[in-house]
Structures are given as structure tokens and as C-alpha cells.
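Visitor: Residue numbers (the numbering used here), protein chains in the order written: chain A, 347 to 701; chain B, 347 to 701; chain C, 347 to 701.
These aren't lab readings, by the way, just hints derived from the structure by calculation.
The model shown is predicted, which means the values in this text are computed figures rather than measured ones.
What you were told as hints is all true, and nothing was included just to trick you.
For identical chains, the list gives no copy identity; a pair is met inside one copy or between any two copies.
Taking lysine-lysine pairs in the DSBU-like style, the calculated list, with each CA pair at most 35 angstroms apart, reads:
#: 1; residue 1: Lys363; residue 2: Lys498
#: 2; residue 1: Lys512; residue 2: Lys363
#: 3; residue 1: Lys498; residue 2: Lys512
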Amino acid sequence: MSTKSKTEGGNFFEDFKVGQEIRHATPRTLTEADAALNVALYGSRFAINSSDEFARAVGLPRAPLDDLLVFHVVIGKTVPDISVNAVANLGYAEFRWGVPVYPGDTLSVSSTVLGLRENSNRTSGVVWVRSTGINQRGEMVLDYIRWVMVHKRDPAAVVSAPVVPKPAASVAPADLIVPAGLSLAGYDDVAAGSPYRWEDYEAGERIDHVSGITLEDSDHMFSTRLYQNTARVHFDAHAGKSTRFGRRLAYGGHVISLARALSFNGLANGFRVAAVNAGSHVAPTFGGDTIYAWSEVLERAPLPGRADLGALRVRTYAAKDCPCGSWPGKEADGKYHPAVVLDLDYWLLLPRRAA
Amino acid sequence: MSTKSKTEGGNFFEDFKVGQEIRHATPRTLTEADAALNVALYGSRFAINSSDEFARAVGLPRAPLDDLLVFHVVIGKTVPDISVNAVANLGYAEFRWGVPVYPGDTLSVSSTVLGLRENSNRTSGVVWVRSTGINQRGEMVLDYIRWVMVHKRDPAAVVSAPVVPKPAASVAPADLIVPAGLSLAGYDDVAAGSPYRWEDYEAGERIDHVSGITLEDSDHMFSTRLYQNTARVHFDAHAGKSTRFGRRLAYGGHVISLARALSFNGLANGFRVAAVNAGSHVAPTFGGDTIYAWSEVLERAPLPGRADLGALRVRTYAAKDCPCGSWPGKEADGKYHPAVVLDLDYWLLLPRRAA
Amino acid sequence: MSTKSKTEGGNFFEDFKVGQEIRHATPRTLTEADAALNVALYGSRFAINSSDEFARAVGLPRAPLDDLLVFHVVIGKTVPDISVNAVANLGYAEFRWGVPVYPGDTLSVSSTVLGLRENSNRTSGVVWVRSTGINQRGEMVLDYIRWVMVHKRDPAAVVSAPVVPKPAASVAPADLIVPAGLSLAGYDDVAAGSPYRWEDYEAGERIDHVSGITLEDSDHMFSTRLYQNTARVHFDAHAGKSTRFGRRLAYGGHVISLARALSFNGLANGFRVAAVNAGSHVAPTFGGDTIYAWSEVLERAPLPGRADLGALRVRTYAAKDCPCGSWPGKEADGKYHPAVVLDLDYWLLLPRRAA
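Only chain A is shown next, with the shape it has when bound in the complex:
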């Protein structure tokens, strides 16, 4: 009889080696159903993801799947190997979307270990990985560096000397990827829901996205399962009782997608999330919390060779049970307002005005 348990418990800190490549299980064919569920879970209204006709008018074959949905599926695949034993999600960098994903595309994900540094208490350590999602033609759909703090199985285990990568602080506008074939000459502001184009935004401008959406436990569990994300803190209420929170935590990506959907009111023409510069899940979110969001425009960058679109760097804060007209963010002492749950710095693509 086989004596080794067949139950997979995931990797602990001492299981990772710098340079190690991991091909993650369960490739996933995304379909029109994922598009509809993305709307049903978050209320997203961006026309390019909602209407095949709108997408065709800007040069795409049909409505691409929501950029954040691609992120959710990619990161979900990495969880069983990378972060199922994580203490905390520490950061993201060099985070770029590649070719759009359409219904019928199959995503596969692999990761390479870039760095490792044991913590001084020797019970855990930080793991840096580069994870890459590709479609069935091997084209990159999402690529990012992520670092997480992971438990050691055995605190006494001896590990190698630290290797600490130095990811770029932000994605340069010239490195943003514009989908092939995209042409915004026929961009329809009315269908898109906003008269504001790239030129209308200025660094320092603040936008209150006004509405709030309440998150139920069944909602975030539904999304976590849909993304085949196995992080048990999200869907095991029994085990949740024994944690410091005493209950389930919402998947942080669910909050990101809610904030993105809310941002439609003020950023409706931000039709593509092209890159994430930095992101922090500032505080946990639970079933019953109502999420609000506001954004600050950080930078407006033209894109080389493109007169029809430009990049807008935006910082979106989400807060719970706190409408955002008072701009809850970082306080004078550098600490976050207690209602803040998300601080996300990212690049959007927007149509420019005709010259």
C-alpha cells in the first residue's frame, strides 16, 4: 500500500528554491459565462467587456473578458503551490496584462521563484515569484511579480542565503501593452457612458465614485470558487471561527473588482487595466461590509505612436461602510484611515480626443 499521503498540502518556505519553475494545475477555458458572472458578481458596466458590437467598433474580434477576471483566474491557479501556506500577501510589481482573453481561450499558469529570504524568527520567510498566464497559443495574458510571506513547515530547517529581487517601482508607460488591432477612431462615448477622455483628466484630480456595494459571504465565496482559488480562509466558516478574525475573510481580489466596477462612475472610459504598479489589501473585508471607492489621478502619459489613446495612472482607494466624499486614504501620520481596505496604483488606457 502506498504510504505517502496523497493529500497535497502545498509548499512551505523551505520547499522553494531560487530558479525553481512550477507549472500550476487545472488549466481553465474561460467562456461567455465568466463574462456574465463578472457582471453579476461586481456590477461592471464597461462597454468594451459588455458588448460585442462595441468591441468590434474599436477593432477587436468581440468583447474581451474583464482584465481583472484574467487576474483572478491566474492568481487562483498559483495558490495551491505558492500561497496556500502564506501568512500574508506582501506586494505586486511589474504587473502587466498582455493579449486580451476571449471566450473560448484556455489559460495556463506557471511561476518561477525569483527570491527567498527567511525571517529572523525562522518560522517563515518571504518568497518572490514571477507568475505568467498564457493562452492556448502560448501568448502572455498576464505577467507579474508577487511576494508573499510563507510559513516554514519546520522552523529548524536550514535554508540558503537570502536572494532579494529588486522589482521596478512602477511600470513605465512605454512598457504598457496595447492590444493588437485596437483602433479608437470609432469610440462611442455615449455607449461607453462618459464624455471624459484622456485629455480631461489631470494629475491631482480626485473622483468620488459615489455608490456602494454590499458584499455577502455567499458572493465572495462564489467568486473564489469560480476562480478555483483554494485559500481556505475565504470559504471555511468553521475553521474561520478559530482565526484571529473569528470568521471568513473576503478574497482581496473581490474587493479590487468591486472597486473597479464602482470606478465606472467617473472613469467609464478607462476601458482597459493595462498594469498594476502597486497594490495593498490594507485591511480585511468581511461578509456584510459595504464597499465604496474613490480615485486620485496620479499621472497622464501619452503612449508612443498612439494618437488615439493614452495612459492614465490612477490610485483607487476602497473603503468599507464609509462613503468616499471625504476621501479616506492615508492620514497625516502616514497611517490609513480606518475604513480603507484597498490602495491600488495602476495604469488605465483611455481614448484621446481626435487631433
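With chain A fixed as given, assemble chains B and C onto it according to the hints.
Guide: Only chains B and C this time, still in chain A's reference frame:
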């Protein structure tokens, strides 16, 4: 820097002008996923919407999407422009479905302001609009008049003299639209789930639909988001605490679809909702309520040139936490039984017996 | 006026006749949406159902729909005729899946009454039926015997002498159906998520599936409605208050699918559920319960003429609010551990190692 806030707050009463045309944002391509979610949200069992084979046997290319789903999507698109600042939804008229909607069709919606009448207290007024949903070929899929009471932004704002339209009291049978190609010679009663055809119903007949379905907050929020309906009362529990109800209200259309799904038991051959004559959301519905329904047959009308189908005018009541064997409706004093939440007068199409 | 009520109340014990054939209503075209919802409801991660590319690599045209989803849809169709007046679900036998079901297939279901035996108290009796689901080409997709205890409408009704079928105690390996065209030479263990093939399992081996998933009322109602299952105990909270449980019961099939999804951790290469030998819903499950599971390997059987795959007979127990490292099952006294809610004995197909 742009000084105008980019946040869209919707129109107030004084923003509307008679004759004004509004093209609503976010066209939506409906798919097989919307069909499945319609089943999952309401438990609908009408064979024509459930089975491509059944639909082909009656002359359609495949299973059309549920008629009420089309309504939900169309009205959802109008909310940000028409009713996001509404006090109350007052009525519907001249409400007809046109060509069937199939997976892959993209719906766009526009509205024309038909009438305006300020209320005597000058804080709000009634807005009449005709809203029309079309598919990607410009064919009408749904067309109706709706009137809502909308807040004024500024009570002191001076508005024009009232213009009050006089919608028809009901849709005439001759104006009902029968889908092109439909032919019921091969209609399969067993697959459809009922032996009762058009001839078997009589005016005055009452049908208790027996079963009840409990509505959770996550259910109605899921449907509201799916329809990209931005009416915050449905999904913002934080703001809901400060309302007179102290909580979220279920989207009234969710209750209509539940009542329609329940009506399968007794009206299984009512394969198409062709028109709504009048409808009233009599009382609000909340998460945790169980919806029951019963119907009264109002009229049986043959359709010109059609020996294979006829129209049945039905009035369906939905009640909460109250099984409907006691026929809760209007009481002797003209008031509704306290359990009633919906009173809907509409036309169904049913197969006739072969001559 | 029609005097007979048009409301369908379902069959009672005295309505059934041995040999009676019943064609069930509401054929259903399954789509990619059902595949996605199966993932979203249960978190299933089996690669063959998740990835069209993976399925093509083993000789199938695309990813087949989850085997248990087929079961849910088939049994749901039988409820209004067979078990809507049931006291209890007693057992399953000779339960085999046939041709795989793909998006676009339309399922129809019929049943034949095999046996009837009135209970001694004359208020109810046991009904045995064989139910068969077929696709639009008439190919069998699922076939099983089920017996349920059904109320009599009238205890005084006189019924025929008992006819008691003797179903096989289990499905013989030689009777398991392997999908046509399936060829596992290119089976990708990494994509599938497990290095363990058929040869690695031994009778008597126990596998703790470790994770738990909490079930909300809105989750199981969503699945019940999706399967057009009309058993009111699952979705009528108002009526549920008057039952001995005082609330809604989760659909037992929901628990089976959760257990199957959890079993991925340890049985990831069990790519197809081929047959059920026996199954018991040991105790009811309610919203808020967290489901865990463990499995015991019962038997390893080669399949005639197949070097690339074999059959594994597995018994999976699901327990609520009880992690399964302590193997909750039948106790020494023959009674179940109080946490057990499901005991399922079934055949899986697994890839074999290359010779």
C-alpha cells in the same frame, strides 16, 4: 485641471425636457450564460427558454432568452439616466415585446421624454418616458411607457407647464407581436409540462401556483448587478440603514421573475409574455421573504390569422410569507391584502388545440 | 369554465402503476454556463471539465460537463412526477453514466415504475423507478434505479400487491462505460494536479481531503433552481419553519458535488465518475454548515481491453463542521458518527501508468 466633477449623478426632474431623446450607456451582449442565470435565479421551467430542441420544434432557431430577462436588461440601462433619482416607480403602459432575443444578440436602449408634471410641493415631479430596446440589427425587442416620480435638484427651479400623456389602458390583442416563424403545430405538451391549452382557460378562473421561493439579499443583488442596474437601494446595505426601511430593498423585477417562474405550475403553456397592461410593486420585498403567487384569468382573446395560438390576459399577484390558496389580492375596501407585493396584468401567448 | 384545478400536485403512491412510463417535462439544453456555474458553486478543479485543451489531449472534442451536473439535471426533471410528495429518498442502484454531455446538448428524462410496496401503516409506500436521461440524439447519458418513500393521497386507497425489484448490489467494472474516443496516452499529470495514477491506490487506503467549504442558503437554493428541481423543502423558508427541522434543507446533491470537489485533493486524477453503487444522505445539511470529506479506497479494478485507464471504487464520506482527519464514518455500533451527512460508494476512472 478639470473643475467639473466627473461623477455622474443622474438627471433630476428639472433636467428633463419633453421630446428629449436619451441614448443609454453600456450596450450588452446577452449569452447562454444569461439564460442559465435566469434559471438559477428564479427556477424558471418554461420549455421554450430551456431547450433548443423544443424551440426548434416550434419554428425558432434556438431557445430565445426569457422575456422578462429582456425587460430586466432594458430597464437596467435606463436607470442611470431616468430613475436613479426617483422617489417611486409609478406605472407602465403600452408595454410590448418585439422580436425574440437570442444568445449573441446585443441590446441597446434609448428613451424619449413624453411628459413632465411638477408636483404641487415643487420638490419632485412625474416623468413619462417611452423606452425602447433594440438588437444589433435595430429591431425592437421591447418598447414601453414608464412613469416615475423624480426628485428635483433644486425645489426653486422653475419648470415648464405640465405635459401629461394618456397611455392606452391596455394593449389590444391585435397589437401583440407573435415572433416570426413561430408555428405551434409540433408543440409538445408533455415536454412543456401541461395538458392545458388556450381553450382550457376561462375568464374568472383562479390558479394557485402553490410553491414559494425564498429570496436572499445575495440573490436580488446578484440579479440587479447582472442587469447593470445602478439603483443603490438594492445593493447598498450601509446606506439602506438610513432609509425608512432600514435595509436594502429587493429589485421589483426580481419579484416579477419569481412570480413568473412560480406561475409555471398552472400556466406552463404560457410560453411567451407578449405584453404588460399594468403593473404595480404594491409593497417592498426584502431578503428573507418567501414569495408565493396566484393568478386570475382576465380574458381569452384569439389572434388575427392564427389558428395555432391565442392570447390569455392574466393578472398575477405575488405575496410574501403567505401561501396563495386564500387568494390574497384586493380586499373589499379596495386596499391590498397586507401580504401582496406585486399586481401584474399581462398578456401571455398559449398554443391552441388543433381544429 | 374549467373546474379541474390546473395546478399540478405531483403523483402520490396510489397514482403509480408498475410498468408505467413517465416522460418528464422541461428538456434542458446545457451550455458553457452550466460548466462555469458548476465551478462557481462547488469549486471543482478537475482538469478534464475545466479545460477544452486538456480534454482534446485525451481524445474528447472539448471539455465535457461535470458528471454530477448531469445527475443533478436528470434527477431534477424527475422530481415533479416522482418525488415531490416523497417522505424520504431511500436509495440508488445500477447507476451509470453513459455518453459524455457537452455544451449544446439537450437532455430529456423519462422514468419507468419498476416496483411498488405499500407500507404497513398504509399512509405511504415505496416506489422504485428506473430513470434515464438522454441527449438530443437519444444516447443515454445517465441511467439509474432510485427508490423513494411517497405519501399516499388517501390512506384508505386500495393498492395492488407489492412488486419489489432486486437491483444489483453494485455496478460490475465490466459494465462501466468509457467514453468513446477517450485515449489517455497524452494524459498530463501536472495539468491534472496529481502524480498519483490508478496503480498508486490500494484497497483500504484512506485519504483526508482536508479543506472545508461552507454552504450558504443562497448557494444551495441557487443550485436547486439551476437544476429546475422543484422540491420545496430546499427553497421555501416560510414553509420550512413548520417542518421538524424548522428551516430549509440543502439539496443532497449539492453536498455530493461539494464532496466531489473537495476530493480533488487526493483524487485529482479520478477524472470521471462512472457509476454509483450506493449512496445515502445520512443526515440533513443546512445553510451555514461547513462540509469536509474523506475517502476510503474500496477496490481497484482493471477494465477489459484498456491499458490506459482503470476503475477505482471509492467510498467518500462528507461530514459537517468536522474536519476529517479523524475519519468520521460508521462507528463500532454500526451507527454513523454524528457529523456524517453523506456516504457515497462509487466508481471513478483513473489513468494507468504506461506499461
